[in-house]
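**Q** Here is how the chains run, residue by residue.
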Amino acid sequence: MSAAAPVPAHTVDELMIATLAREFDDSTRAFNGAVSYIPVCAYLLARRTHAPGLVWAASSIAIDADPVQLGESTLSDSIWGGATMLSNSPFDFWAYAQGMRYNTFAFRGAQIDRYGNVNNSVIGPYARPRVRLPGGGGMADLSCMIPNIYLWSTTHDRKTFVPRLDFRSGIGWGDGGGHRERLGLPGGPRLCITNLCVMDFHAELKAMRLKSLHQGVTVGAVQDATGFEVLLPETEIPQTVPPDAEQLRVLREQVDPTAMRLREFR
Amino acid sequence: MTIEQAAALVPDGSTVAIGGLSMNCSPMAMVRELIRQGRRDLRVVAIVNGMAVDWLIAAGCLRRLVTALISFEGLGLAPHFRRAAESGAVEVEEYSEYLLIARLRAAATRVPFIPTKAGLGTDIIGLHPETTRLEADPVTGEAYVACTPLPVDVAIVHAHAADEHGNVRVDPKLIWMDNEIVNAAQTTIVTVERIVPHHTFVATPERTTYPRFVVTAVAEAPWGAYPTSCFPQYAHDAQFYADYTQAARDEAAFGRFWRERVAGPQTHCAFLEASGGQAALMRLRRGAP
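Chains as they are written, first to last, in my numbering: chain A, 1 to 266; chain B, 1 to 289.
Excised from the complex, chain B in its bound form (with noise of 0.2 Å):
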């Protein structure tokens, strides 16, 4: 499948759970193709996260945000993630890492709830008396945090390899958190770095991730990740993130950069080419895959 087509199966109005941590394997080349075919009032599930959101936002695509952090972590905060939760413009739905794991899980496991002393005591909870209730075990009346399902409809993440059928690697399997929003999904979209033969997958089955039942769509986006990084193969590009950061200081240096570097380019080659194509990219470049 294109990243087109894939695109195509999120609905406007849908959750939508985007992969990766902070700096690290964001599914960006599919989030771009969702702010290009103007996807609408997305509620967006990104537990750490910064620029895939900061982009949504950015673009409109995003109404409500449920997360644990987003930043530019050393870089800076995620600049027009902070204007819209100041504004109003985007409600934000704030819950720590653990509670959100819990949540995720509740709703893959199909249980009302899950229990953590993950939160207590502080303000978090109070925040979502609905979602993440304050109880006592009945028996032995000790407290803890009840964490009710959050069901995603639609989860994208980025990966190694997939073959035809839509088995999915990721190797090494450093999954970040991504395997719980693929459970809790009803749909998964995975974007990867190259198709391989299926053959390879039967050599070696230990490294599968993802069975082809779990995933629903797979595409080839080679650098799919860029600007974050997919470890071990691409670092991510610092001189994107400072270029994003300081032209959005202006919305009229943004708007230029926005069209330039993010919404303008037609196809995904042609966004890897607005930062500087081959050369930049070989300097992001890490081990062999």
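One chain only, chain A, in its complex shape (with noise of 0.2 Å):
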């Protein structure tokens, strides 16, 4: 190998994107939900890059989808240039998903705990709540079917990682341990990508665990910035791969130009 390039300068957004587009492969059958800029845009990179078999059926419906640019919506036809086939949700959709046709599903959470489960329904007492939140969509039933999970959170912080969720409107791990495999559901949560840290979780206890942290970031940064105890493994903890200059073109001017990426960061 040669002397490694200089790190092109990049943005969190643009780092977390390049992080989550390098677990995806041809094999990668996804769709997306709302507001799932973060998603979109790796699926799009992924496929624009090293990873032109894969599949992703924009806001769940337009399957391989080609925008030239995104839109104020992931759930919106703003999206749908260049699909192959506009699918029908009862018909197509969720029989996609059942049968595992569709094997890969990214969420985020207003709320996320140790095992990756996470709350987009109320923040308080359910009855009562002090934040009513939109409410899970489609999430309870996709963590259920999905087997690949990824999850993003853009506010890595106690308020949104926590010791007990208010409310499990989406099931990764569960309780942990061997729980998913006891209720019969596939796969689980493969990653968490944040914008500190990337983490993904202990092999037996299916907890979090720090996989790589990102520039600048320290591991007591990330603890202090989350409600529970993160893992640690047992090597090294490695700085997050920073985009090559390939995925930051590709992103910036193909992927997302008029960048509504960063609406995910307000």
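Calculated from the structure, these hints are not laboratory results.
Given the structure is predicted, the values throughout are model-derived calculations rather than measurements.
Please note that the accuracy of each hint is not assured.
Coverage of chain A stretches by chain B, computed from C-beta distances (three or more under 8 Å per stretch; other residues unrestricted) [said to hold, decoys possible]:
| id | segment |
| --- | --- |
| 1 | 66-80 |
| 2 | 83-90 |
| 3 | 129-139 |
| 4 | 169-177 |
For each residue, glycine too, the CB sits at the ideal point set by N, CA and C.
Grab the two chains, each in its own frame, and use the hints to assemble them into the complex.
**A** And the structure:
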């Protein structure tokens, strides 16, 4: 190997998207829900770089969509350009999801716990919530059906990463250990990518474990920002691999030229 | 039938399912008419929705809400839904999307329940032990959720075209979850972009979505999904969503907005005019029908 090329300047949204994109390959068959700019960018980036065979159904509807830019909603026709099929929810989508023809799903939560379960329903007591959130939509369903689950969060803090959810709208590894398997559910969460770090899940406990730190972030900073103990690997914790020049170029020029992804950072 | 006549088919206190998906194709002209006619105590089923539900709550028409998700997506939380749910003014029956589809199918097919693995291990199931029961297969012991019927009194959906007999075309046949609510409903009201001659249905029967015996009433309402979208003809109006959300931050401002832009206008045309009329609509125009 020649000397490493200098790391191009990049921002945390670009780092998160490039990291998620690297998880996908030609066997990835994905779809997306509401306000899902980070995974949508990652699917498109992967497909336009190293995984041309990746399947992505825009809004869970427009299969193989190839939009020239993203719109203000990830559930609207603004991102359906170039699709080869507009699939119908009742006949196509749910059958493909339950049959694991789709195999990859990314979601986030207003609250996330150590096992990758998420809450998008209420903050506070259910009957009289302090904040009524939109609700999980299809999250409770799809988190039971899809084997490769990825979590992301643009707000890695103690409000988001909590010891106990106020409500479990979507299941990750459930109560940890073999809970998901006992329920007869396939796979489970693979990674949780945040604005501070990347976490995977301990093989037996199925609890979050630090995998890599974004540049300039310390173990202490992650632990301080997390409402539960983050497991540490036995080996040294590497820095998250930065996006390469080609990833940055494709993301900025082709995938999301109007930077709609920044809407996730408001 | 006129929009006014069709809206009169919805009784106070009934269970009304509203079509569309998020910012796509909700029957907004009919929702507005229900508000104008002062409907009360509705139990609304809206699987994934935003503006239609927020209007019905703002107008005080809605008592209970059966839903999986209510938001304005990237444009924020639905303000009246949020407030009413937090204060307890509206009772929210929260399910997930597929559990609602399964419950509607159980109603449509007249079976005691439909089994699914959707929702296992989440708190959604525990909210409704009477309608989504956790059970185990008597032979294998495998866990499943038994989704009991969710009967609907009136389904209201928006579509592209109908003929004078009430045959309806969603064209292209992108029907979201609308057919689930139509199949589960006793009465189905459809608003359409336009009424077309019957012979056009006979010429292309493969494009028909709902046959006349499934449809109770049809009302012509061009731009009837506005400010949501009607793919591929027009997009949702992001400016309306932004103005609405902005106004909702202040009671007086919202009162003005509500009178001028939503409930006040006497007719569907006047309503469209209040948001900028022809010039504004042309900016939302996509492909030709």
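**Q** Look at each hint and say if it fits the structure.
**A** Each hint tested on the structure:
1. 66-80: Three-residue rule met by the segment 66-80 of chain A, so holds; n is 7.
2. 83-90: With 4 residues in contact (Cβ-Cβ under 8 Å with chain B), the coverage given for the segment 83-90 of chain A holds.
3. 129-139: Coverage by chain B holds for the segment 129-139 of chain A (11 residues, Cβ < 8 Å).
4. 169-177: With 4 residues close enough to chain B, the hint holds.
Of the numbered hints listed earlier, not one is contradicted by the structure.
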